[in-house]
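Peer 1: Residue numbers (the working numbering), protein chains in the order written: chain Z, 15 to 356; chain P, 15 to 356; chain L, 15 to 356; chain F, 15 to 356.
Simulated from the structure, these hints should not be mistaken for laboratory data.
Watch out, some of these pointers could steer you wrong.
Copies of the same chain look alike in the list, so a pair counts if it works inside one copy or between any two.
[To be verified] Straight-line Cα separation of at most 16 Å, EDC-like style, residue types lysine to aspartate or glutamate; simulated pairs:
1) Lys205 with Glu304
2) Lys245 with Asp41
3) Lys62 with Asp78
4) Lys118 with Asp192
5) Lys60 with Glu85
6) Lys17 with Glu43
7) Lys178 with Glu304
8) Lys113 with Asp151
9) Lys245 with Glu304
10) Lys348 with Asp78
11) Lys354 with Glu61
12) Lys150 with Glu334
13) Lys205 with Asp269
14) Lys178 with Asp307
15) Lys354 with Asp151
As the structure is a computational prediction, the values presented were derived from the model and not from experiment.
Number of protein chains: 4
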Amino acid sequence: MKKIKVGVVGYGVIGQRLADGVFMQGDMELVGICDVGVTLAIRALKEKGMPYNLYLVDMSKKSDFDKYSIEISGSLEDLVKKCDVILDSTPAGVGAKNKLLYQKYNVKAIFQGGEDNSVADVFFHGYANYEKGLGKDFLKLTSCNTTGLIRAVDCLDRAYGLDKVAITIIRRVADPGDYHRGLTNALRVDKAPSHQALDLMTIMPHIDATGILVHTPVTHGHIITVIAKGKKKITKKMALEAFRAHPRIRMVSIDEGFLGNASLFRYARDLGNPRGDMYEIAIWEDTIVESGDEVMFAINIPQEAVTIPETIDGVRALMEMQSSSKEATETTNKYLHIGKWK
Amino acid sequence: MKKIKVGVVGYGVIGQRLADGVFMQGDMELVGICDVGVTLAIRALKEKGMPYNLYLVDMSKKSDFDKYSIEISGSLEDLVKKCDVILDSTPAGVGAKNKLLYQKYNVKAIFQGGEDNSVADVFFHGYANYEKGLGKDFLKLTSCNTTGLIRAVDCLDRAYGLDKVAITIIRRVADPGDYHRGLTNALRVDKAPSHQALDLMTIMPHIDATGILVHTPVTHGHIITVIAKGKKKITKKMALEAFRAHPRIRMVSIDEGFLGNASLFRYARDLGNPRGDMYEIAIWEDTIVESGDEVMFAINIPQEAVTIPETIDGVRALMEMQSSSKEATETTNKYLHIGKWK
Amino acid sequence: MKKIKVGVVGYGVIGQRLADGVFMQGDMELVGICDVGVTLAIRALKEKGMPYNLYLVDMSKKSDFDKYSIEISGSLEDLVKKCDVILDSTPAGVGAKNKLLYQKYNVKAIFQGGEDNSVADVFFHGYANYEKGLGKDFLKLTSCNTTGLIRAVDCLDRAYGLDKVAITIIRRVADPGDYHRGLTNALRVDKAPSHQALDLMTIMPHIDATGILVHTPVTHGHIITVIAKGKKKITKKMALEAFRAHPRIRMVSIDEGFLGNASLFRYARDLGNPRGDMYEIAIWEDTIVESGDEVMFAINIPQEAVTIPETIDGVRALMEMQSSSKEATETTNKYLHIGKWK
Amino acid sequence: MKKIKVGVVGYGVIGQRLADGVFMQGDMELVGICDVGVTLAIRALKEKGMPYNLYLVDMSKKSDFDKYSIEISGSLEDLVKKCDVILDSTPAGVGAKNKLLYQKYNVKAIFQGGEDNSVADVFFHGYANYEKGLGKDFLKLTSCNTTGLIRAVDCLDRAYGLDKVAITIIRRVADPGDYHRGLTNALRVDKAPSHQALDLMTIMPHIDATGILVHTPVTHGHIITVIAKGKKKITKKMALEAFRAHPRIRMVSIDEGFLGNASLFRYARDLGNPRGDMYEIAIWEDTIVESGDEVMFAINIPQEAVTIPETIDGVRALMEMQSSSKEATETTNKYLHIGKWK
């Protein structure tokens, strides 16, 4: 079988992980990555022995790379021409400009959450609306919080039917190593409803959603509390059953030692995962409570890596590699070793 | 009118503020405070000129105080004998032992949230169940989160009737200056339902409540998101109207510059309040959203001072100084200058 | 005696405290304060009953203030015309522009640390070079770290003579309530030597100084470690003796309960100081150690208020109210109640 | 060549990394690891496919492990009997008790920094006093801060001769994932001199050392500033030259993007190192400054992994695998891939 040729443009927190994720797919080929300067991420790649081909947005910067003896395989345009799909993880706004280039060469692309919805044909999630992405040219992926949230909401919705959700997002304010943003001894409140609730309704229009987002000065994973109203009453037992069957959801408990987002960050490092990453969201069993006809629970979202599987699902949709969400997500999961612990 | 004689036992974060609050009441006399050693709080009191009489739990420790030329007015027993009501803000568990002494001298007392409910005749809140405290001997006050939460919930309940609330408590993990507890770059999840939801149901048994609590590494105020279901639909406008009329609730907005809990901490300092304290909870106008027949909003709880007004309301109930919550809270508010900005 | 007329331009963290400090001086009159918009600091002033006259940089903004019923006394130009000295605590760069206005009306001014040195005739510290400021027109005050550091260094230098200092500044990255800057779970290193070491040499050219600065994610006070080399050996006992005699230095110890910068922040709040501020630096007795012929110790710098006394000293120098540092600082200290605890 | 048989007792933050480090040594065999219960670290090992044999301190706990289908290879005693050397990374105090067992079976051991010095024949560092450990029975390794500090101090001392150092340790207060300790918005000061300065003098008695330690609320690496006085003047150029030649020291710069300890934590993750660890200390080129005849610089200490190489050096000393520090450290480095980037 011919492998699908994929390029990653923008080698930041998300781009690095997309490249690693694509590299692990048996039916895809990572043609190369593309960035603008000799960042620490590029330096680390060089120190690892340069496993990926590197392309440059601006070839006039090549001499900067020469100083570090970093080989350049060509320009962004060169990369685009060789690919079937580009995963664009450039800073917000840049993707829209790059799209012109992708269109010029009839190359499909997936944009990350920072980009405007209008950049894409479909606002996409691998589980909730895979079929809408089939054969399209441009997808925009849900943001990290929304991606993880929809996994859990879609899981309950498929199993029992949902009418309404209300969420509280306790957002980590920066990633480990970020110096360009931060918060010190302060919680910050956003205007409600949060965009994640609105985004959820765009992807799952049959569900009424609202929510409040509070930023917290931590780096190891968002926590979302969800109150979900089923078409019929969803008990704790029913919720547990559905969550446990989902390959991209880990059920954890405080009693085992998973005390919060930092326990999960440490656990992923101890697993030996590259970069200490985790693809799965986690739900704490001992936070699931019933409230009248509603069910409430808390999710952990590993923001750096959570969108990787759904983005790869997106490649499958764009290229019609699998015709259903079930087949596509199972294939992605297999190559990313997701769910092997079950 | 004879002033009610009040003593404060335990001069920690809460005790200091109770003493200041009682001192401001025109119809109460602060007989004195009592503690165990030469803490920094006592040192600060001395540096301020020793405005309050100081009693000692253990008179054998007097020589420690002599070194700093701090005058001692007598023993804990001496203090108890002179008082009508003791406000016991000792560490959890100590209050239950002290109670024997209060009973011996027929002195009434109010315990803080850390003590077991069984220590008191009534688990008390100045607005939600003032009348139940009338003439009783022992009250236990709701904890800081519960006190602030009930203000908002009781406010909506009185105005429109409530059936159910679900809360997410984003808890500050330590007070400014605490070195005995702390959290570093981690969110911590508690088992659900949180005790604050259960406590709310004890005080307001007609309301169904549940909730999840997440600890965050900050010191300047808890934030609670509340989803409340009214007996009939409560609109944003209706919620605003009720909240705005409540003397112990400040309505604030992000647009004005109240970006989070730290903005409110700074604002209280800039107001020149003693210790930079704030008695009022704050609700962000721009977080109020409707969700079907429910209304959702975010509250700020200034944990160091929020229970002071309701504790003083408790003195009024115990001594039957006012016969209704309305009169009692209005009197407390007047002396604490609460609501003067309205 | 005619009081010196002082205006404060820029009512931010420093400006608010300058206004309060000037207001407390028996030989100065606070003519008014000036700012650009309805900030929370102005809102707090209004809620306190508007004790200071408010002037506006841009009178076209007056309608914003009308909405809050905040009275305006005139324009910046109106304020300048009424003053002998302006304390300019506007954001960095604005002071240089304002200087033209001050010159136009022959009004003296003191700029804060963010401004370029060239804006002033003298880079000023109330103890280290008071006499150089006598009768001048424009002073620039040392920044918060440098102001506190020089207090301690000048103290040892006067007593025993110093040749060299090397410092490590453990800098708090934001003030309580700051949302425009912050750091999350990260230390940040600056290029050496730090500007504070260079500034110290500008003020005290006979001392060789160098240093490294590390930013930390806290808000309650910088900590500086200092290694000082005397002309002859300075013992711990000698250092203690000199520090204890200095009115703007508090000697504290870990054994008493002063465990770090947050203990001092809490102590100042408990003292009932307005805004919970502290003017004094603190030095931990139990950090003073001898190293060969050098002495090492740790200082706490309360960054929000530490420059206030030296700025007021600056007014005294500009207006030649006192002819020596000793008289000037003693007068400032008296009005600010500094050293009363000794 | 017969491989040296090594066991790791205590599978916590350090023990896990010791096991991984020993596993990578071509001339050592990791017989197994030993712990007390089903911790998350053990769970992660199981999820990875149980690459190491697991022994139990208390065989009566075996049923807890059965629940997770985790195979047990025997008791602590079984493990000890099979080993030449035990790396004891149990909590402080436990190692001293375990020592009796090691003595019973004539097995050598290395204890970590928390244990009392008296537990060992030699207080050990792979570079500074390797030869003292040759053929001994029990070593105690320097703590993480001291291990990293001595690398840099020994490096300058060997090259140029040192008389004196004064250090400021800006200590990270917890590791990522720690919930049993933490600090929130506070710096904490320790009594001086810090134990690290005293420990340095124990290992390198010809150097006079003192220092102050300040705890900071971060998890990603200690930072130490060092002021070192050479027997003759050490210039920045000389320091750079020596540091650059050291295999366990990385020279980094702010200009490259290494802004602080979190940049290094991220970089190690991006390198794909297991658990995102780094064995090397880093020194910022742009913090090196001269101060009279002294040189000052800032070091980053990756506290989780920094002691691993020197502990493995200790195995080489105990078993006399290499006769000199140079040969031993080079062998350790080769197997840990240290210095390959140079």
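Peer 1: Could you run down the list of hints and mark each one as holding or not?
Peer 2: Here is how each hint holds up against the structure:
1. Lys205 with Glu304: Between copies only: 13 Å across chains, 28 Å inside a chain, cut-off 16 Å.
2. Lys245 with Asp41: Neither: 39 Å inside a copy, 56 Å across copies.
3. Lys62 with Asp78: Neither: 19 Å inside a copy, 40 Å across copies.
4. Lys118 with Asp192: neither (35 Å within a copy, 46 Å between copies)
5. Lys60 with Glu85: within (9 Å within a copy, 40 Å between copies)
6. Lys17 with Glu43: For lysine 17 and glutamate 43, the Cα distance is within 16 Å only inside one copy (6 Å; across copies 41 Å).
7. Lys178 with Glu304: both (15 Å within a copy, 12 Å between copies)
8. Lys113 with Asp151: This pair counts as within: shortest intra-copy Cα distance 11 Å, inter-copy 59 Å.
9. Lys245 with Glu304: within (15 Å within a copy, 20 Å between copies)
10. Lys348 with Asp78: neither (39 Å within a copy, 30 Å between copies)
11. Lys354 with Glu61: between (30 Å within a copy, 8 Å between copies)
12. Lys150 with Glu334: Only inside one copy: lysine 150 and glutamate 334 sit 9 Å apart there, 66 Å across copies, limit 16 Å.
13. Lys205 with Asp269: Intra 35 Å, inter 9 Å, cutoff 16 Å: inter-copy only.
14. Lys178 with Asp307: Answer is both; intra-copy 11 Å and inter-copy 11 Å each pass.
15. Lys354 with Asp151: neither (32 Å within a copy, 44 Å between copies)
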